[in-house]
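K.L.:
Below are the chains, spelled out letter by letter.
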Amino acid sequence: MSRPGFVLEVDERTPPTLFHHGEGFRLEKLPLGTRVVYPSEPLPGIRDVDAAIDAALENPQGSPPLRTLLTPGTRLTIAVDDISLPLPPMRMPDIRGRVIEHVLELAARAGVDDVKITIANSLHRRMTPKEIKRAVGERVFRSFWPEALTNHDAEDRANLVHIGQTDRGEDVEINRRAAESDLLVYVNINLVAMDGGHKSVPVGLGSYKSLRHHHNVNTMLHSRSYMDPTSSALHDSTGRMGRLLADKLKIFTIETTLNNDTFGKPFDFLQKREWEWSVADQAAFLAAKRSTDRTPPHVKRQIFHKIAAPYGVTGVTAGETEAVHAITLENVHRQQVVEVDGQADVLVAGLPYISPYNVNSILNPILVTCLGLGYFYNMYLGKPLVRPGGTMIMFHPVRKEFHSVHHPSYIDFFEDVLAETTDPVQIEAKFEEQFANDPWYIHLYRSSYAYHGVHPFYMWYWAAHAMDQLGDVIFVGGERSTVSRLGFRTASTLGDALDMASETVGSSPKITAMKCPPLLLAEVR
Amino acid sequence: MGALTKDVRRVASGWRWTHKPLVPRSVEPPEQEHRDFPTAWARTEAGKAARSFLQGYGLAPLLRFELTTRVEGLDVLQALRPPVVFVANHSSHLDAPLVLTSLPPRWRARTAVGAAADYFFDVWWRAAATALVFNAFPVERAGSRKSTRLARELIGEGWNVVVFPEGTRSRDGWVGEFRAGAARLAVENGIPVVPIAIRGSYQAMPRGRGWPAKGKPPVTVRFGRAVRPIDGEDALAFNDRVRAALATTLDEDRTTWWDAIRRSSRGEAPDAAGPAGPRWRRVWEASRPLPAHGRRKVFTR
Chain A
1 MSRPGFVLEV DERTPPTLFH HGEGFRLEKL PLGTRVVYPS EPLPGIRDVD AAIDAALENP
61 QGSPPLRTLL TPGTRLTIAV DDISLPLPPM RMPDIRGRVI EHVLELAARA GVDDVKITIA
121 NSLHRRMTPK EIKRAVGERV FRSFWPEALT NHDAEDRANL VHIGQTDRGE DVEINRRAAE
181 SDLLVYVNIN LVAMDGGHKS VPVGLGSYKS LRHHHNVNTM LHSRSYMDPT SSALHDSTGR
241 MGRLLADKLK IFTIETTLNN DTFGKPFDFL QKREWEWSVA DQAAFLAAKR STDRTPPHVK
301 RQIFHKIAAP YGVTGVTAGE TEAVHAITLE NVHRQQVVEV DGQADVLVAG LPYISPYNVN
361 SILNPILVTC LGLGYFYNMY LGKPLVRPGG TMIMFHPVRK EFHSVHHPSY IDFFEDVLAE
421 TTDPVQIEAK FEEQFANDPW YIHLYRSSYA YHGVHPFYMW YWAAHAMDQL GDVIFVGGER
481 STVSRLGFRT ASTLGDALDM ASETVGSSPK ITAMKCPPLL LAEVR
Chain B
1001 MGALTKDVRR VASGWRWTHK PLVPRSVEPP EQEHRDFPTA WARTEAGKAA RSFLQGYGLA
1061 PLLRFELTTR VEGLDVLQAL RPPVVFVANH SSHLDAPLVL TSLPPRWRAR TAVGAAADYF
1121 FDVWWRAAAT ALVFNAFPVE RAGSRKSTRL ARELIGEGWN VVVFPEGTRS RDGWVGEFRA
1181 GAARLAVENG IPVVPIAIRG SYQAMPRGRG WPAKGKPPVT VRFGRAVRPI DGEDALAFND
1241 RVRAALATTL DEDRTTWWDA IRRSSRGEAP DAAGPAGPRW RRVWEASRPL PAHGRRKVFT
1301 R
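Quick mapping for you: the protein sequence lines, in order, are chains A and B.
Going by the numbering used here, the first residue of the first sequence is number 1, and it counts up by one from there.
Going by the numbering used here, the first residue of the second sequence is number 1001, and it counts up by one from there.
If we strip away everything but chain A, and leave its shape as in the complex, we get (with noise of 0.2 Å):
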């Protein structure tokens, strides 16, 4: 039986506790009397994950079953969420492909013809055709590659549709071909409990036009947090996009759920608690340690971004996007949620390789940003984990390094938008519009594997609530030059910062530390 996540006390006998630290790890002695909030075990994985996905699509939620909304001339596509999830990708065979193959089996038993597949990678980078191939499958990679299989494109005016304005004058547009389909159908993978819902479809095909309207400052400055979607003004706005395309389309959402299975071998003994680690786990972080420490950061990243992680799935649902979300929450929060009783002074937290926008790819200081101040920061319920006012400290490297074909944008951004100012407010009002529109960023987004122009202010503006709570930002063994860049300040060592934050917080603060990955989601009471 999984155990659920808890709050430990440090004390005397608690050994170092392990963080992430980029491509590397960091053992840290806390301060007596820290709390750091662990994770849940990873809950038990649906043993026959085939057959649960036959029965959600044969007894969805308020929806008649998938069989029979399929006759021989049905306009089919199928969207499927792209790259950005899970995290790390999981080991084969992804579920999506799974999915996906159930659905197409009923498609063609059936006798559908015309069938599209749509990676719904919104203004995210196209998944290269190795990368698609893994997710959905060789066998519908094999059937539908290249011409029915294709990544969506936000910006092929010609193949976009204008659906209408929500009643708060949002403009939702999206896919043509998922628009003008008689049966849309998206699969999902929920990895946190931003993800999914009404945010599957407007966001994952829709376009800037629609997205500016979620994707701004102000939302995120009201999104408390963007993990609790009842008290999220992103997801107001996407669940209003939503509700309007579900009036006028017909979507058959099939959301899936993973465990906290996260690092296999010999990495396992990341997720596990460190005064348990046996002497092959010591042995494990130890070798882990030494080859990190020691290894150029390109070779690192190449050896970390080869991890798949053992994910087992938790819940396969479907049928009419509200109800099946409501199931997926549930299933999100069972293997997320941890209790933690009242704020901090000062969160500390380890920010790993990955993130949501650089499989295969660099996790550079903007995104580092996002990683710590978006999502870390926003991995709660109810309140932050930190007050306001409070200092959160990261562990990371941040260098100065980018991927010029997935980040051409971030380039620019770093250089020239950052170096006027961090102020997500003025960032917005001044250089948005004209990164958005950049005809070379657009190009390289529409035909190389680059990353929307945009892109980069999305990931600023998704750091952007903790930037107006938080009094201090300190990353710990940060390169000082970016992380100044950056707006934040640096510490050689965890006591270093500490003394730094005495600055904001005092000099006997209250510490929390989370232990991330894999995911919580605190509920802060």
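Incorrect hints may have been included.
What the hints assert, rightly or not - The calculated DSS-like cross-link candidates involving lysine-lysine, where the alpha carbons are at most 30 Å apart (straight line), are:
id: 1; chain 1: B; residue 1: Lys1006; chain 2: A; residue 2: Lys400
id: 2; chain 1: B; residue 1: Lys1020; chain 2: A; residue 2: Lys272
id: 3; chain 1: A; residue 1: Lys248; chain 2: A; residue 2: Lys272
Stated by the list, open to error - If you want the footprint, here are the derived chain A segments under chain B, 3+ residues with CB under 8 Å:
id: 4; stretch: 96-104
id: 5; stretch: 275-282
id: 6; stretch: 287-294
Derived by calculation from the structure, the hints in this document are not laboratory data.
Please read these numbers as outputs of a predicted model, since none were measured by experiment.
Note that the Cβ used here is the ideal one computed from N, Cα and C, for glycine as well.
Here the structure of chain A is known, so what remains is to put chain B in place on it, guided by the hints.
P.N.:
Below, chain B without anything else, positioned relative to chain A:
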């Protein structure tokens, strides 16, 4: 220091290599039924033979090489028949080996030593070595009735047992409070307690030292007259008598037998708990080196 060495040291100290790993209090599982490390194998014929060899040809020569030991009062054993409970003051890891190697071989072969379960029986290799070399059995310091179960069984089988009733090594070299476990064993089984006064082991190897001090420091092991429980005497009263007997034996070793019994009969035996006062004074007194053993000078100028 190399980075690898630093990492290894960090892990070694963090995860307490050579010790049983600890669990932070806030996640400590509820007390579970504790299973003692099995030690019966160490009392088989093969175990006895191996121990006899290790004690006779390893432990005893090593102690003789590192210490100047003097054993006194063994004649008290002539009036006794096993099983008995040996009770000694405890201020050093040298104490158990000193007691064992001081015993005549015939007694030594039938003697087991109570050792703290949480220290000597925390990891398998230490437990196995302790069980084999010292014929040790685990004792819970908490002092529950269950903790003396194994000792009662051993006495029932005719084994003598060595118990350090203070429960832990003295921090200041003086004798602490006695827990009543040893006295209870004697009362329940109607067997005598032999007090053993050890002097010099605190100076030779106190807490914190892993090896005796240089210069073959002198150590004395003195066996005192056996104390027998009186009919109807309860364990606590008997425990007081045992402690007094040990204090007398210590006094005897410091002075003479005659002076010690006279002081004892007058109720003036010096308190084994040492002088009152600040800790440093007590440690200072206890750590005063013993005079070197040697022949008493008959002729003096």
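K.L.:
Give me the numbers of the hints this structure contradicts, sorted from smallest to largest.
P.N.:
Result: hints 3, 4 break, sorted rising.
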